[in-house]
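Participant: So the chains spell out like this:
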Amino acid sequence: MNLYSDEHNLTVNLEIELLLEAIFQQYGYDFRNYSKAHVKRRLLSRLSTSGLKSISEMQHKVLHEPGFFDQLLRDLSINVTEMFRDPSFYLAIRKEIIPILKTYPFIKVWHAGCSTGEEVYSFAILLKEEGLYNRVQIYATDFNTNVLEIAKKGIYPINRIKEFTANYQQAGGRQSFSDYYMADYNSVIFDQSLKKNIVFAEHNLVTDSVFAEVNIIICRNVLIYFNRDLQDTVFNLFSDSLINGGFLCLGSKETIQFSSKAGLYETVNFQEKLYKKRIV
Amino acid sequence: MDIKRKSVNKMHGIVIGSSTGGFYALKKIITSLPKGFSLPIMIAQHISPNSDNFMAKYFDGLSLVTVKEADEKEPILPGVVYIAPPNYHLLIEEDFTLTLSTEEKRNYARPSVDVLFESAAYAFGPKLIGVVLTGANNDGAKGLLAIKNFGGTTIVQNPKEAEAYVMPQAALETANPDFVLSLDEITKKLIELENLFRGESSNQ
Chain A
1 MNLYSDEHNL TVNLEIELLL EAIFQQYGYD FRNYSKAHVK RRLLSRLSTS
51 GLKSISEMQH KVLHEPGFFD QLLRDLSINV TEMFRDPSFY LAIRKEIIPI
101 LKTYPFIKVW HAGCSTGEEV YSFAILLKEE GLYNRVQIYA TDFNTNVLEI
151 AKKGIYPINR IKEFTANYQQ AGGRQSFSDY YMADYNSVIF DQSLKKNIVF
201 AEHNLVTDSV FAEVNIIICR NVLIYFNRDL QDTVFNLFSD SLINGGFLCL
251 GSKETIQFSS KAGLYETVNF QEKLYKKRIV
Chain B
1 MDIKRKSVNK MHGIVIGSST GGFYALKKII TSLPKGFSLP IMIAQHISPN
51 SDNFMAKYFD GLSLVTVKEA DEKEPILPGV VYIAPPNYHL LIEEDFTLTL
101 STEEKRNYAR PSVDVLFESA AYAFGPKLIG VVLTGANNDG AKGLLAIKNF
151 GGTTIVQNPK EAEAYVMPQA ALETANPDFV LSLDEITKKL IELENLFRGE
201 SSNQ
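Line by line, the protein sequences give chains A and B. So the first sequence is numbered by this note's numbering: it starts at 1 and just counts up by one. So the second sequence is numbered by this note's numbering: it starts at 1 and just counts up by one.
I should point out that these hints are in silico values taken from the structure, not numbers from a laboratory. There could be a bad hint or two in this list.
To be clear about the criterion: a stretch of chain B counts as covered by chain A if any three or more of its residues have a C-beta under 8 Å from a C-beta of chain A, and this derived list gives those stretches [unchecked claim]:
hint, segment
1, 29–43
2, 77–83
3, 149–157
4, 166–178
Chain A stretches covered by chain B per the calculated footprint, using a threshold of three residues with CB under 8 Å from any CB of chain B [to be verified]:
hint, segment
5, 78–87
6, 94–107
7, 238–250
8, 256–267
Where is the CB? At the ideal position from N, CA and C, for every residue including glycine.
All chains, full assembly: derive it from the sequences and hints.
Facilitator: Written out as C-alpha cells, the structure reads:
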C-alpha cells in the first residue's frame with residue numbers, strides 16, 4: 001500500500017484509535033478525546049525513533065511492556081513551560097484579582113495541570129510579594145507523576161534563568177529575581193520556603209472528580225489539547241470546584257465562551273482569559 | 001478483500017511558511033489576493049514569543065480577504081487567512097478545524113512550519129498547496145516534502161530573490177518542489193490554481 005495514500009492514512013487513524021482504547025482499558029489514562037492531530041503527531045514521532053513498523057506493533061509493545069507505556073505517557077503529555085510564562089497574565093492577576101483575594105481570610109488555589117511546576121512557583125512568588133502567601137493553600141496537580149517529581153524538587157536548568165528573569169521583570173516582579181533561587185553549576189534550586197504551602201498531588205482532569213473547594217483555578221494550555229466535549233467535562237469539574245465569586249484563569253488562547261458553562265462566568269479580563277464565577 | 005470504509009471528502013487549502021523577511025513577503029502575497037478568493041490559507045511565520053496579534057490585524061486592514069489569528073478548535077472557512085499565534089504551533093485536524101499546541105519548539109521555532117505542513121498534509125492530502133518563503137533556517141523543508149509525498153502542489157520562493165535564502169534553498173533541495181517562483185509569480189500561481197479548483201468543483 002502507498003504509504004502516502006488517503007487509504008493508508010485512514011488505516012493509521014484507525015490504528016491510533018485502537019491504541020488509545022487499549023491504553024484506556026489497560027492503564028486507565030484516557031486520551032480518546034484529545035486533539036487527534038496532536039496525538040497523531042506525538043505517536044508518529046515516537047514511532048519513527050522506536051524501530052517499530054506500525055502503530056499496531058506499538059500497541060502490542062504498550063500492552064506488554066509497562067516501561068514502554070511510561071515513555072509514551074510522557075510523549076502524550078506536553079510539559080513545556082516556563083516561569084512567568086506570558087508576563088502580561090501575571091500583571092493582570094496582580095491588578096485585577098489580587099485586590100479581591102486580599103479580602104478573604106484564607107485562600108485556596110488549584111493549579112490544574114501544573115506540569116514541572118514553573119508556573120506554580122511563579123504564582124507562589126507573586127503571592128509572597130503581595131503579602132498573601134501565609135494565608136494560602138496551593139494544590140498543584142498533574143496526571144503525570146514523572147513531572148510532579150520534578151515540580152516537587154523545584155530545581156531547573158541554569159540555562160533557563162535568563163528567560164525566567166526577563167519574564168519575572170515584565171510580570172511586575174518587585175525584587176531581584178535571584179533572591180528566590182540558589183545557583184549551582186548547572187542548575188538553580190528555588191527557595192524551599194516557597195513550597196511551604198504547596199501540596200503537589202496526582203490528579204487526572206479527564207478521569208478524576210472534584211477534590212476541593214477553591215477560590216481560584218489556574219489551568220493554562222491544558223484544555224487546548226482536548227476536544228470540545230472533553231473541554232466541557234473539565235469546565236463542569238472546575239465550576240463544581242470553584243466557590244461563587246471564585247476565579248478561573250486559562251491560557252491566552254483558551255476560552256470558556258463555547259462551553260455550556262459560559263453563562264456561569266463573567267469576564268474579568270478578556271485578553272488574559274481571566275473569568276469570575278458569578279455569585280448567583 | 002476490498003476496504004469498505006468511505007474516504008472523507010477533502011477540501012482544498014493553502015499553507016505558507018516563512019521566517020526572516022516573511023512579514024513583507026506575506027504582505028505582498030496576501031494583499032494581492034482578489035476579493036472572493038475561495039481557498040483557506042494557514043500561515044506559520046516565525047515571530048517573537050511575546051508579540052501580540054498585530055500582524056493579523058495589520059494584514060486584515062490592507063486585504064480584500066479576511067485575515068485573522070488562528071483560534072483553537074476553529075473550523076477552517078474558505079477564503080479566510082489564519083495566522084499561527086506567537087509561541088504556539090498551529091496544526092490542522094482532519095475534520096478541518098484548527099488546533100494549537102505549546103509542545104517543544106521544532107527547528108528552534110514555535111510556530112514551526114514543519115508542524116503545520118505535516119498535519120496539513122494528512123488533512124488535505126493531494127488538495128493542498130504548500131509554499132515556503134524567505135527564512136534563515138531549515139524549517140519547512142521536511143514539511144514540504146510531506147506535502148509532496150501526499151500528492152499536494154509544492155511551491156518555493158526563488159532563493160535568489162528571497163530576503164533570506166536558507167529556508168527556500170533547504171526546501172528546494174529536500175522537496176524538489178513543483179514550482180520555484182518569485183513573489184509576484186507565487187501570487188499569480190495561487191490565483192491560477194484557485195480558478196482551476198473552482199472549475200473542477202463546479203463541473204462535479
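Participant: Against the structure, test the hints numbered earlier, and report the numbers of the ones violated in rising order.
Facilitator: Per hint list: 1, 2, 4, 6, 7, 8 violated.
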